[in-house]
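Q: Sequence:
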Amino acid sequence: MFIHNYRYFYKILTKNKGLLFWTLIFPIILGTFFHMAFKDIEKKESINPFNIAVVGNKNDAFRLALDEAQQGKNPIFDEIYYTDYDEAKKLLEEEKIIGIIDWTTGKPEIYVNKSGTNETILKYFVDETIIDKEIDYHFAKYNIVDATRVNISYTMIEYYTLIAMTALYGGALSIYMINKLLPNMSSMGKRIGVSPVKKKNLVLSGTLASLLVSLISMSILLLYTLVVLKVNYGDDLKKVILLAFTGCVAGISLGLFIGIVLKTNENAKSGILIAITMFLSFLSGMMGITMKYVIDKNIPILNMINPANMITDGLYSLYYYTYLDRYYFNLISLIIFSLTLIVISSLCLRRQKYDSI
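Start counting the sequence shown at 2; every next residue gets the next number (the numbering used here).
Since the hints were made in silico from the structure, they are not lab data.
Some clues are possibly wrong.
[As the list claims (entries may be wrong)] Cβ pair distances, simulated, as ranges:
hint : residue 1 : residue 2 : range
1    : V262      : Q72       : 46 to 54 Å
2    : Y225      : M2        : 18 to 26 Å
3    : F22       : E95       : 51 to 59 Å
We put the beta carbon where it would ideally sit given N, CA and C, even for glycine.
Input sequences plus hints: build the corresponding full structure.
A: Structure representation (structure tokens):
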């Protein structure tokens with residue numbers, strides 16, 4: 002009976018054109034637009050190594066970070082001047098360097114003459130190597146940018162958020178499925194409500210069928226971006242797939258939560274899911290990496306509970322950083338997010354009673 006229900010839900014999900022559009026066609030179209038818009042941007046804005054000055058640094062770990070970023074085939078920094086402030090200021094005024102990292106006060110302060118790509122990279126490098134910005138400014142080796150990477154790609158964040166968006170859109174599948182099973186949502190649900198069939202088996206089979214369709218859609222999107230759009234996700238594709246598939250689980254869990262907890266019709270639930278997904282994708286950098294940076298610096302807790310950011314940040318850290326602590330943190334966070342919503346949804350579903358069916 003379980004296999005029969007599983008096949009049934011799979012068939013009705015794959016025959017729904019609206020669901021297939023949002024979970025498969027729309028992400029592919031959006032990814033194509035990203036490619037058309039950004040295909041030449043990296044050639045025009047390729048990053049060349051630049052010179053900086055460092056004043057008063059006594060932190061060996063930070064020196065190590067600078068050395069790492071100065072090495073490899075595509076280093077971030079060219080010449081690093083370790084000097085006093087007056088000499089550094091003179092170099093900056095003569096435009097021999099683009100910025101100064103001043104440790105005189107015990108914490109890094111950055112001085113630049115203008116705003117630009119290199120100045121932004123310098124600030125981002127310092128921010129990303131710092132673990133504790135409020136106490137002692139300690140540095141950890143796992144947060145050092147991998148300088149052997151090809152020039153830093155600002156466009157990759159768009160593809161990462163595309164994966165996150167696609168994963169969360171999978172929630173539309175579980176919303177559709179759960180509405181079929183709820184007595185107050187469909188005639189099928191009413192028949193199930195008065196039948197002796199085990200409800201938990203139906204919900205489980207429907208959820209797994211929704212997850213399968215979501216995973217297939219994600220696989221097609223990844224294959225399309227890799228083969229057709231030539232997107233480079235880095236060297237460890239297995240971990241990219243693992244995080245993307247875990248994101249699909251999070252999307253299905255979010256759909257279950259919305260479908261069970263909210264007392265409204267299917268179209269309204271789907272609209273709410275799409276609105277939430279787009280808002281979370283916006284916060285994680287889909288409309289520009291600046292927003293992700295602003296949230297990370299000013300309201301970090303918001304991105305820590307944002308499943309779209311967990312996916313985006315996990316992929317970002319996998320591509321740019323040598324060590325995997327940040328990647329696994331986001332992976333585990335996604336799992337906790339999914340389990341939390343599944344538990345809440347199960348409790349709410351068990352408490353629902355329909356006296357008038």
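Q: Next, verify each hint and record whether it holds.
A: Okay, the hints, checked on the actual structure:
1. The hint said 46 to 54 Å for the Cβ distance between V262 and Q72, and at roughly 52 Å that hint holds.
2. Under the hint 18 to 26 Å, the C-beta atoms of Y225 and M2, about 36 Å apart, miss the expected range.
3. At about 58 Å, the beta-carbon gap between F22 and E95 stays in the expected band of 51 to 59 Å.
Checked against the numbered hints listed earlier, the structure breaks hint 2 alone; every other hint is satisfied.
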